[in-house]
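Construct all of the structure, not just a fragment, from the sequences and the given hints.
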Amino acid sequence: AQKVTQAQTEISVVEKEDVTLDCVYETRDTTYYLFWYKQPPSGELVFLIRRNSFDEQNEISGRYSWNFQKSTSSFNFTITASQVVDSAVYFCALTTSGSARQLTFGSGTQLTVLP
Amino acid sequence: GAGVSQSPSNKVTEKGKDVELRCDPISGHTALYWYRQSLGQGLEFLIYFQGNSAPDKSGLPSDRFSAERTGGSVSTLTIQRTQQEDSAVYLCASSPRQGSGGYTFGSGTRLTVV
Chain G
837 AQKVTQAQTE ISVVEKEDVT LDCVYETRDT TYYLFWYKQP PSGELVFLIR RNSFDEQNEI
897 SGRYSWNFQK STSSFNFTIT ASQVVDSAVY FCALTTSGSA RQLTFGSGTQ LTVLP
Chain A
9 GAGVSQSPSN KVTEKGKDVE LRCDPISGHT ALYWYRQSLG QGLEFLIYFQ GNSAPDKSGL
69 PSDRFSAERT GGSVSTLTIQ RTQQEDSAVY LCASSPRQGS GGYTFGSGTR LTVV
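Those protein sequences? They're chains G and A, same order as listed. To convert, take the position in the first sequence, counting from 1, and add 836; that gives our numbering. To convert, take the position in the second sequence, counting from 1, and add 8; that gives our numbering.
Please keep in mind that the hints were generated in silico from the structure rather than gathered at the bench. Hints are not guaranteed to be accurate.
Unchecked claim - Some chain A residues judged to face chain G by a derived CB distance under 10 Å, without partners named: (1) G11; (2) Y41; (3) Q45; (4) E52; (5) Y56; (6) G67; (7) L99; (8) A101; (9) G110; (10) F113; (11) R118.
Said to hold, decoys possible - Capping the alpha-carbon separation at 30 Å, the derived lysine-lysine pairs in BS3-like fashion look like this: (12) G:K839 <-> A:K65; (13) G:K852 <-> G:K874; (14) A:K65 <-> G:K874; (15) A:K19 <-> G:K874.
Remember, it's a predicted structure, so these values are computed and weren't measured experimentally. A virtual CB, placed ideally from N, CA and C, is assigned to each residue, including glycine.
So this is what it looks like as structure tokens:
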């Protein structure tokens, strides 16, 4: 069985602040994939990133960066210089080789960026 | 089409009626998933189709729920004798062959059972 924990239910920041969204996962599989999705008020889940368990390199994409650490089973997401348009619910998710590729989602973090 | 299309976008039904929700995946995507998003339960996996293989129905909450995928493309999720606890947003996703890339989600169907 696998589990994804997003301990932060809600975060509120002022525009231009940096913010980190935490994600901790549990799985016994050695091969797994981690994802981050954004769900803006419109409701559609927008894919942000996919990372496999064999690739621990951190990744930066514009204002977004991801820190994957197998030693702590964490896959944290940082938004630099946040903007109002970043306001959304962010979900971390996990799938493993043994789970028929179904995604196990965390409970989500509601990020509000204030102007 | 360019994305995953779901219909209807909103559905209000009376308790005890049957409903059908439709998902049209991205052309060429062999994997198709149904998820349910509700306030108390977050995002829950319901069912998974991969090509012509038997579907993984392990997430269906009761035998009132069923789904089919015709011709490896369009999928229909059917809920029989709807209950108020079935009220949720039903999301469909598709992906290319297993394990490649991200899953693309549709905008969902908001089901309200009154």
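query = Close enough to count: is the Cβ of A:Q45 nearer than 10 Å to one in chain G?
reply = holds (9 Å)
task = Using 10 Å as the Cβ threshold, decide whether A:Y41 counts as touching chain G.
result = Given a least distance of 7 Å, the restraint on A:Y41 holds.
ask   = Should the interface hint for A:R118 be scored as holding, given a Cβ-Cβ cut-off of 10 Å against chain G?
value = holds (8 Å)
query = Any CB of chain G closer than 10 Å to the CB of A:F113?
reply = The hint holds - A:F113 has a Cβ within 10 Å of chain G, the shortest such distance being about 4 Å.
ask   = Does A:G67 pass the interface check with chain G, least Cβ-Cβ distance below 10 Å?
value = holds (7 Å)
message = So if I understand the rule, the pair passes when the alpha-carbon distance is 30 Å or less; does G:K839 with A:K65 pass?
response = Judged against 30 Å, a Cα distance of about 19 Å means the pair holds.
message = Just to be careful, I want the Cα atoms of G:K852 and G:K874 compared with a cutoff of 30 Å; is the pair within it?
response = holds (19 Å)
Hinted contact A:A101 with chain G - closest CB pair below 10 Å = Since chain G brings a Cβ to about 8 Å from A:A101, closer than 10 Å, the hint holds.
inquiry  = Interface hint check: A:G11, Cβ to nearest Cβ on chain G, cutoff 10 Å. Holds or violated?
reply    = Holds - the Cβ of A:G11 comes within 10 Å of chain G, reaching about 9 Å at its closest.
key: Closest C-beta approach of A:Y56 to chain G relative to 10 Å, hint status   = holds (5 Å)
query = When you check the alpha-carbon spacing of A:K65 and G:K874, does it fall within 30 Å?
reply = holds (26 Å)
request  = Mind checking the CB of A:E52 against every CB in chain G and telling me if the closest is under 10 Å?
outcome  = Interface hint status for A:E52: holds (8 Å vs cutoff 10 Å).
Against the hints set out earlier in the document, no violation occurs for any number.
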